[in-house]
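Asks: Sequence:
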Amino acid sequence: MLDGRQGTYRIIRTPILLVATTVCSVSLIHFQPMSLKVEGNTRGLAPSELRIVERLYRRNIGKDAIVTTAFGRELSEVAKELGRRVGAIVSREGEIEIVFLGTREILYLPDLGRYRLGAGRLRRMRLIFSDLSRDDSGAHLPSDILTDLEKLRLDSVVAVKVIGDHLAVRFGYLVPVTRPEQNPIVQESLYPFQESAVPFQKLIQVVEDQLIRGEELSPHPSGGAVIVGVYPKNDSHWRESVEELEELARTAGVKVLDKVIQRRPPDPRTVVGKGKLEELVLLCLRVGAELLIFDGELKPFQWRVITNSTELKVIDRSMLILDIFAQRARGSDGRLQVELAQLKY
Numbered sequence: 143m144l145d146g147r148q149g150t151y152r153i154i155r156t157p158i159l160l161v162a163t164t165v166c167s168v169s170l171i172h173f174q175p176m177s178l179k180v181e182g183n184t185r186g187l188a189p190s191e192l193r194i195v196e197r198l199y200r201r202n203i204g205k206d207a208i209v210t211t212a213f214g215r216e217l218s219e220v221a222k223e224l225g226r227r228v229g230a231i232v233s234r235e236g237e238i239e240i241v242f243l244g245t246r247e248i249l250y251l252p253d254l255g256r257y258r259l260g261a262g263r264l265r266r267m268r269l270i271f272s273d274l275s276r277d278d279s280g281a282h283l284p285s286d287i288l289t290d291l292e293k294l295r296l297d298s299v300v301a302v303k304v305i306g307d308h309l310a311v312r313f314g315y316l317v318p319v320t321r322p323e324q325n326p327i328v329q330e331s332l333y334p335f336q337e338s339a340v341p342f343q344k345l346i347q348v349v350e351d352q353l354i355r356g357e358e359l360s361p362h363p364s365g366g367a368v369i370v371g372v373y374p375k376n377d378s379h380w381r382e383s384v385e386e387l388e389e390l391a392r393t394a395g396v397k398v399l400d401k402v403i404q405r406r407p408p409d410p411r412t413v414v415g416k417g418k419l420e421e422l423v424l425l426c427l428r429v430g431a432e433l434l435i436f437d438g439e440l441k442p443f444q445w446r447v448i449t450n451s452t453e454l455k456v457i458d459r460s461m462l463i464l465d466i467f468a469q470r471a472r473g474s475d476g477r478l479q480v481e482l483a484q485l486k487y
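My numbering numbers the first residue of the sequence shown as 143 and each following residue consecutively.
Pairs of lysine-lysine residues, derived as DSBU-like cross-links and limited to a Cα-Cα distance of at most 30 Å, are as follows:
1. K222 x K205
2. K418 x K455
3. K441 x K455
4. K441 x K293
5. K441 x K416
6. K416 x K293
7. K416 x K179
8. K418 x K441
9. K293 x K418
10. K375 x K455
11. K397 x K418
12. K293 x K205
13. K416 x K397
14. K205 x K344
15. K222 x K293
16. K401 x K293
17. K205 x K179
18. K455 x K397
19. K375 x K401
20. K401 x K416
21. K222 x K179
22. K397 x K441
Distance windows between CB atoms, simulated:
23. D409 x D277: 35 to 41 Å
24. D278 x D409: 37 to 43 Å
25. N376 x E196: 53 to 59 Å
26. P334 x R276: 15 to 21 Å
27. L178 x Q329: 29 to 35 Å
The set of hints was computed from the structure by calculation and includes no laboratory data.
Keep in mind the model is a prediction, meaning the values are calculated, not measured.
By construction, the Cβ of each residue, glycine as well, lies at the ideal position given by its N, Cα and C atoms.
Working from the sequences, and respecting the hints, build out all of it.
Replies: Below is the structure:
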């Protein structure tokens, strides 16, 4: 809204539809709020319950606090009333971008692809969610949420829970990994929670600086690849196939940073299985790889499922060979033929 008083205007941020009008010879802009959709598990909720959840969009955390006591309490109360986990994706500026619901046990994050990675390869978004565990031992960060933190490169994940008269908070954030056995996530607990205990802007600036320095000092510079091979147990030539694929990658100018081998029939959807695919994405993040190279030939459906699960580039053996031909093609006709073959593939 624009509030005109004595020639000055106050701007309030809200999702808007703009309608220009003229009042008393002064051009003003009026805004009609757009509907703010609650995502996730909304099935079975009454319209009045949805309106309660939608009110969370009106809150603002601010820039300095990782979460406010008021918002943490409200999130917990809404979750307890609905019997479902409630999550909020919050921008670096403290604005509520997405509100979504899960079940009592699981919270599936919405698609964050439109929020690109920033400095330090973080997404400038944090997740704040309600912990519905029934014990009084504080707030908890389940393993699937920690996986989302690392996989999606969130600024932080924050669990909130009301215990007695106080708010309990547990939060996690990423740190650079210098040894394979090192945990890339730091977790901290605060009970009773005080907003001033975590200067969020300072914390995230330190985290980003460390991640940038960690990438510069990493023994695995970004831009390399991880080779993935899935072979039946009766395949006695799998080692030769992996070595040949690794040599093809070198010919294409790609540095192989790691190899992941499975001895089992390929999964019809993801080749390696859903859980293993998540592990692959985390491995690529840790070693600085930007490319997955699958031995064999990916089916179109498999390629779509895998690429929809990660921001990494995904190719198979045939794509890699075509890329080598493209690099070595001589003349415009040759390059055109290879490009047409790539497009057809």
